[in-house]
Amino acid sequence: MDFDLLDILTALFLTVGCFLGISGGVGLYRLPDFFSRQHATGVTDSACSFLILFALILQSGFTLVSVKLCFIFFFLVITSTTATHALAKSALHKGITPILGREDKR
Amino acid sequence: MEAAVDIVLLSLLCVTVIVIVYIRKLFCAIMLLGIFSLISASLFITMDAVDVAFTEAAVGTGISSILLLSALSLTHTRERRPAHQPYVALMVVAVTGAVLVYGTMDLPAFGDPDSAIHRHMAVRFIVDSPQEVGPPNVVTSVLASYRGYDTLGETTVIFTAGIALVALLGFNRRKEFKVRLSGAQITSVPEVPLSSAPKVPNADYLVLRIVGKMFIPLIMLFALYVQFHGDYGPGGGFQAGVIFASAIMLYAMIFNVETAMRVVTPTALRLLAVLGLLLYGGVGVLCMLLGGNFLDYNVLAHAPLHGQHLGIFLIELGVGITVFAIMVTMFYALGNRSGRSV
Amino acid sequence: MNWVGHYNYWVAIFLMMSGFYVVITRGNLIKKLIGLNVFSTSVFLLYISMGKINGGTAPIYSEHTLPGQLFSNPVPHVLILTAIVVGVATTAVGLALTVRINERYGTIEEDEIRAKDDSL
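Residue numbers (my numbering), protein chains in the order written: chain A, 1 to 106; chain B, 1 to 342; chain C, 1 to 120.
Treat the hints with care, as some may be off.
[Unchecked claim] Sample of chain B residues facing chain A (criterion: CB under 10 Å; computed from the structure): (1) 205; (2) 215; (3) 218.
[Claimed, not checked] Derived lysine to aspartate or glutamate pairs resembling EDC-like cross-links, with alpha carbons at most 16 Å apart: (4) C:32 / C:110; (5) A:94 / B:204; (6) B:25 / C:109.
By construction, these hints were calculated from the structure, which means they are not laboratory data. Glycine is no exception: its CB is placed at the ideal position from the N, C-alpha and C atoms.
With these hints in hand, go ahead and build the complete structure from the sequences.
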């Protein structure tokens, strides 16, 4: 079986990306507070999607498909962070406060 | 290896459906329905149905979830505990399921290339489509040319649904309306104030406004790309109309629905919906006037292939315009209602 | 009898029956519409599984297409495209009716609506 470097790198990135995705899911389930769960899903949106998309870009080389995958990544980064911001903002509006509270006790 | 992906996705679907059946918080049920649609779209991709996956992700996940959530915000969000014992229902469901499983014994095996359904129409469409119709995407050529009449009916169904929504809900909340109360004299119900939510200063929504302004033109550009690229890849009128409508819905969610209604007015939407459907039917009638049959695009230009290309272009445009207008109309109708009771 | 090949169809039937169960047992109108959506999406799954061909690809000609390439059947794809859009149109009309019923009766549970109707 001849694997070249691209295939090995693709497999590595996909594995790490899937691990990060699973850890995001576990965090979503196990973390106690709304705001800490946002941290968990932030990992999924940024690092996991980047690694998986980069693995796919490695597989498709210098074609139009790679450019489209880059666009998808930029779109995901900007919209998912905005969505996280909107969720956290509306949670604060509604009065949900983080469990640990502010360190300066204001 | 493909079988493993298939089995995992199908098991996820089964788990999602079991939770949908039992959960009583309707908001969660709607979110789970979105997840169900997205996993189905992934399954469609593993089964090589890319156009269908695109449409299911755009229409089934996007628009269905938005409409369901808008309706949920106007009604109650928790379901009552079911009052009846489910035994009879379970028996009916089990018997129906058993009969259907018995019926699938005769179906061809999954993925069999020699089964009877792949031998007649599909061969003609796939083999003859490049010479007779032209577009590389066989699904578009079948949808727009070989089965163009069905697509006309589908566009009419969407149009009718839009009319039904406007007739049921309407979108004018500015005028007072006069109600005859139980045979007494006509009294006028005081109008609902334009937006009863407390005014939040704009700076509070700064991030959303800026990102929205950055992305809404790009979403519209993508919708245009999908519309005109439907001949060469997955895409076409329906998906493009829905994506364009979602840009307007994003605008309406970040700024007010009233602001969005000043930008894309209901009158313009009514005009556009009718225009799209007229364009489709008009192309058909034009073909008849030029000597061919209804929706026979061969007569539209000097060569049959050019005529087909022009015909498909025009009707996809008509479909896209109508779908856009009706989707935004539905969103306005549901989103502009504010919990009044008549 | 190819049991493995039919796994797809049986899962689709299980999903269909779950949607059907939601429609007939739950009294909440929005839950019924959700069940109807589940039902129709699983019917689409059944249809598209019948159109798949092993070794085939999406029915799009491109410069990479080999001469003897197998394509998956485009006819079910066209039918399901129509069905998806008609399904969402039906859901929208159902939701409009639900909103109006809620405004008139104050509830969207079937039993309470029937009780209010009977007591009029």
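These are the hints, each one checked on the structure:
Interface hint status for residue 205 of chain B: upheld, as the beta-carbon distance to the closest one in chain A is roughly 8 Å, under 10 Å. Evaluation of the residue 215 of chain B hint against chain A yields a held restraint, the C-beta minimum of about 7 Å falling below 10 Å. Interface restraint check for residue 218 of chain B: the shortest CB-CB distance to chain A comes to about 8 Å, inside 10 Å, so the restraint holds. Restraint check for residue 32 of chain C and residue 110 of chain C: satisfied, since their Cα atoms lie roughly 10 Å apart, inside the 16 Å limit.
Our distance criterion of 16 Å between C-alpha atoms is met by residue 94 of chain A and residue 204 of chain B, whose separation comes to about 14 Å. Restraint check for residue 25 of chain B and residue 109 of chain C: the C-alpha separation of about 14 Å stays at or below 16 Å, so the hint holds.
Checked against the numbered hints listed earlier, the structure breaks none of them; every hint is satisfied.
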